[in-house]
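Number of protein chains: 2
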Amino acid sequence: MSRATENSFLPLDIGSFREESKAVIDFIADYYKNIEKYPVQSKVEPGYLSSSLPDSAPYSPDSLEDVLNDVNDSILPGLTHWQSPSFFAYYQASSSTAGFLGEMLCSAFNVVGFNWISSPAATELESIVLDWMAKMLKLPSSFLFSGTGGGVIHGTTCEAVVCTLAAARDKAMKQLGGSWDNITKLVVYASDQTHFTFQKAAKLVGIPPSNFRFIQTSFATEFAMPPQLLRVAIENDIQSGLVPLYICATIGTTACGAVDPIAELGKVANEYNLWLHIDAAHAGSACICPEFRHFLDGVELASSLSMNPHKWFLTNMDCCCLWLKEPRFLIDSLSSNPEYLENNATKSNVVVDYKDWQVTLSRRFRALKLWLVIRRHGLENLMRHIRSDVELAKQFEALVAKDERFEIVVPRRIVLVFFRLQPKHGVDGGELNRKLLDAINSSGRAFMTQGVVAGIFAIRCVVGATLTQEHHLKDLWSLIQEKARLVLLQCTQ
Amino acid sequence: MSRATENSFLPLDIGSFREESKAVIDFIADYYKNIEKYPVQSKVEPGYLSSSLPDSAPYSPDSLEDVLNDVNDSILPGLTHWQSPSFFAYYQASSSTAGFLGEMLCSAFNVVGFNWISSPAATELESIVLDWMAKMLKLPSSFLFSGTGGGVIHGTTCEAVVCTLAAARDKAMKQLGGSWDNITKLVVYASDQTHFTFQKAAKLVGIPPSNFRFIQTSFATEFAMPPQLLRVAIENDIQSGLVPLYICATIGTTACGAVDPIAELGKVANEYNLWLHIDAAHAGSACICPEFRHFLDGVELASSLSMNPHKWFLTNMDCCCLWLKEPRFLIDSLSSNPEYLENNATKSNVVVDYKDWQVTLSRRFRALKLWLVIRRHGLENLMRHIRSDVELAKQFEALVAKDERFEIVVPRRIVLVFFRLQPKHGVDGGELNRKLLDAINSSGRAFMTQGVVAGIFAIRCVVGATLTQEHHLKDLWSLIQEKARLVLLQCTQ
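In order, the protein sequence lines correspond to chains A and B.
UniProt numbering puts the first residue of the first sequence at 1, with every later residue one more than the last.
UniProt numbering puts the first residue of the second sequence at 1, with every later residue one more than the last.
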């Protein structure tokens, strides 16, 4: 290992950059090679790391070898291995060589493209890739730069929701005459299945928590938001003198993968002049395939749409695409032009300054990795990727459905299989399935998480880790059966 | 180049991962080797990129070779080269081999550490490194996990300010009895030099823009916030029935590098029970050196402090450290616990779940890169890094001061030299210096930006790019003199 930094302090010496980076590439390749040897969910105890690391920074440099040894001995055991082929929890953070290469280039250039002039390529590639992505999803041209809209890459859906909520809020406040007092009249709508960060985002932008409406879902609609209940809630609020503002609809909810009926919700939104945002964080990726595109039917009625390539689109964290039909409302709400950022390009009004499309000023060149993912795989392979995961999920669902000890709680829409052991012998279904899930996860051989709908606790198996192959799902099913036998046995004793 | 992904669709094949990653490392090393050949500020015209890229995604994969050729031919010319040794604009985004290696590991593990269980190492390393960093800055133990406080890594200062504003807001609303109507009474304070994103953040969390107070600064205090004016503003607001909430103080403002008097502002904050946040985004790095630590005197009176290692601490984008004396107020404001994230570790209440310390749910394992930067350099070299940049800035300031055509507009505090050509021959100083700055930047040989204080337009030269050496500042000074001669000549013609 080079000791350049120790002797002469050259923090970016080209020789040692090359040598050390390649050593780390080998370290990472070995990690992937051995990834199935680690328990998927980390088994460490809270506070484990403080016993193996010093409690203050070293005065003199440590060698790269020492650092990598510590990564191996102290960090890896504390990771829950999201890249493991037996990771079926939450929604995945899928990665790929192409995504990794894009992250490397982003980190190496390390440009901060807050406005066009601070790195024109960062802004322009982002706009172009957002249009590419929009075309792959067959979005109407009203969401494209080449049409009348436009898009931006945020870190996460929560950021996209915060920004569009702020845009909708400020648009409404202006229409209401400009007094800030009206903020307490604004009402937002979601279903009781909508991701919890929606509430967090709404509260963050100053919407009173008493003005959050959660439209009740049920088995009758497979936990999709019923448009008629939304309409009733809006009417009630109008009659109370409140101002309905924003609806968050979801394609692929977190707990059970429900899909809200976009076209019908869009009609309600347009009738009452509400901002309709579509959160397609996970399932959006599937919509590049013609057979799944119908989930987006009605998208032309929405104001904005977001999806996260960092979930199921092989793009390393973090990357959330947000498209808007009228970006000017976002810009009205979020822009400012201090003297120290003044420049001729901005003044000319022909460029995009992405600082005005997001919460923060600084931003990474995230478009690079999405561009690499698309180019290195092509639409062809990206569709193949989606389809093979859906096929695996379908096979897994069939295995579960065939075993009469189990039940599919909500039918699979895409790649989330939502199932449980049927309650038996008077044992509470929640307790039974919590025990089963604990037994599976603590085996270290797979990792799944849970969801609760209509009071029913069930296990979520999501297919989507990059390295998952057919045999990993067969192994998972064997593991589930093995642990189910034990858990059921305990209950009858 | 491997064609694995073309033939068999293995998006994370270990062989091609290794091979392609090393090819990109070589590409990046060559970029650094040639970085001085590019114009520092990109010379492309708006819309340049759309002419060289197709307007939709490829159906079949492109080879890595083709992609890298496009990066070379189409992306590099559109970059403003933040890693160039002749980049003296804004505040830098300094990087290092160690920071890059940390980013690689982060991207490769690609874990999403929203709560402890989702990757214990990600949470625990972050807490440990935040304590390391706090000790390097000699923060009181009230900001450390090993004391009674704690810290978190955000992406940027803006995010830190949004979150602490929300925490302060919700704390105050509770104290006021819980009615959301009180949001319109809350008042926030900053100086007229405070970064513009403070206003953006305050508006984002629902503080009425009419309740933003900008305390006027002047040459008399070298543009630091005068505590007595702050006190007057607070008293006025209280008399008007408003509720003073939050002060944002800055160590190293953006325009001219002013340093607010923390101890005196802290006294005012504590007297009136306001949340005092210290934004030390850039200059915080200097405070690891004993001779600059005095900027933080009085920090024990603050509620929170943020600084960005991604600016001047050799840590690749993005990384903002935020410490809080009472993290519970942040958690009270930002936490939520949906059923699908339930887990025993969270229930035990002995772990940190960082999702409750930030806007978003998802988060990258950013602590790795800061840990690598600290370990690979050691406090010793990190101080050397700061000191050598300060020394270069001092030398440059002396060159400017010695030339009687120029003036130092505001004395240098750390590494920002704020200077201008003196107005002459009846030519407006703003016009003269705009012309000079344009001439310098369009030469492609260096890049600086401007600031305006008390109506005076001046040029900012910030020293801090990783690759900058003494001769780059000498070259800059020659360039400035060359262009000044021309500009002055034009004015007298």
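It is worth saying that the hints were derived from the structure and are not from the lab.
Some clues are possibly wrong.
No distinction is drawn between identical chains; accordingly, a pair holds when it is met within one copy or between any pair of copies.
[Said to hold, decoys possible] When the alpha-carbon atoms are kept at most 25 Å apart in a straight line, the in silico DSS-like pairs for lysine-lysine are as follows:
| # | residue 1 | residue 2 |
| --- | --- | --- |
| 1 | Lys394 | Lys185 |
| 2 | Lys267 | Lys474 |
| 3 | Lys22 | Lys267 |
| 4 | Lys474 | Lys435 |
| 5 | Lys402 | Lys474 |
| 6 | Lys267 | Lys174 |
| 7 | Lys22 | Lys435 |
| 8 | Lys185 | Lys424 |
| 9 | Lys402 | Lys185 |
| 10 | Lys474 | Lys37 |
| 11 | Lys347 | Lys435 |
| 12 | Lys347 | Lys43 |
| 13 | Lys22 | Lys424 |
| 14 | Lys37 | Lys347 |
| 15 | Lys171 | Lys424 |
| 16 | Lys43 | Lys22 |
| 17 | Lys394 | Lys474 |
| 18 | Lys171 | Lys347 |
| 19 | Lys135 | Lys22 |
| 20 | Lys435 | Lys424 |
Structure-based check of each hint:
1. Taking CA atoms no more than 25 Å apart as the test, Lys394 paired with Lys185 passes in neither setting, with 46 Å inside one copy and 55 Å between copies.
2. In this assembly of identical chains, Lys267 and Lys474 lie within 25 Å of each other by CA distance neither inside one copy nor across copies; the values are 44 Å within and 65 Å between.
3. In this assembly of identical chains, Lys22 and Lys267 lie within 25 Å of each other by CA distance neither inside one copy nor across copies; the values are 55 Å within and 52 Å between.
4. When the C-alpha separation of Lys474 and Lys435 is checked against a cutoff of 25 Å, the pair qualifies only within one copy, where the shortest distance is 21 Å, while the shortest distance between copies is 70 Å.
5. In this assembly of identical chains, the alpha carbons of Lys402 and Lys474 lie at most 25 Å apart only when taken from the same copy (14 Å versus 77 Å across copies).
6. Taking identical chains as interchangeable, the C-alpha atoms of Lys267 and Lys174 lie at most 25 Å apart only when both belong to the same chain, with a minimum of 24 Å there against 38 Å between chains.
7. Neither within a single protomer nor between protomers do Lys22 and Lys435 lie at most 25 Å apart by alpha-carbon distance, with minima of 44 Å and 45 Å respectively.
8. In the homo-oligomer, the alpha carbons of Lys185 and Lys424 never lie at most 25 Å apart, since the shortest distance is 49 Å inside one protomer and 57 Å across protomers.
9. In this assembly of identical chains, Lys402 and Lys185 lie within 25 Å of each other by CA distance neither inside one copy nor across copies; the values are 51 Å within and 61 Å between.
10. In the homo-oligomer, the alpha carbons of Lys474 and Lys37 lie at most 25 Å apart inside one protomer (18 Å), although the nearest pairing across protomers, at 56 Å, exceeds that limit.
11. With identical chains, the CA atoms of Lys347 and Lys435 are at most 25 Å apart between copies only, with a shortest distance of 16 Å across copies and 62 Å within one.
12. For the identical chains of this complex, Lys347 and Lys43 are inter-copy neighbours only, at 17 Å across copies versus 56 Å inside a copy, given an alpha-carbon limit of 25 Å.
13. In this assembly of identical chains, Lys22 and Lys424 lie within 25 Å of each other by CA distance neither inside one copy nor across copies; the values are 56 Å within and 56 Å between.
14. With identical chains, the CA atoms of Lys37 and Lys347 are never at most 25 Å apart, being 57 Å at best within one copy and 29 Å at best between copies.
15. In this assembly of identical chains, the alpha carbons of Lys171 and Lys424 never lie at most 25 Å apart, being 54 Å within a copy and 47 Å across copies at closest.
16. In this homomeric assembly, Lys43 and Lys22 never come within 25 Å of each other (Cα to Cα): the closest approach is 30 Å inside a single copy and 33 Å across copies.
17. Taking the shortest alpha-carbon separations for Lys394 and Lys474, only the intra-copy value of 12 Å comes in at or below 25 Å, while the best inter-copy value is 67 Å.
18. In this assembly of identical chains, the alpha carbons of Lys171 and Lys347 lie at most 25 Å apart only when taken from the same copy (24 Å versus 41 Å across copies).
19. Taking CA atoms no more than 25 Å apart as the test, Lys135 paired with Lys22 passes in neither setting, with 37 Å inside one copy and 32 Å between copies.
20. In this assembly of identical chains, the alpha carbons of Lys435 and Lys424 lie at most 25 Å apart only when taken from the same copy (14 Å versus 82 Å across copies).
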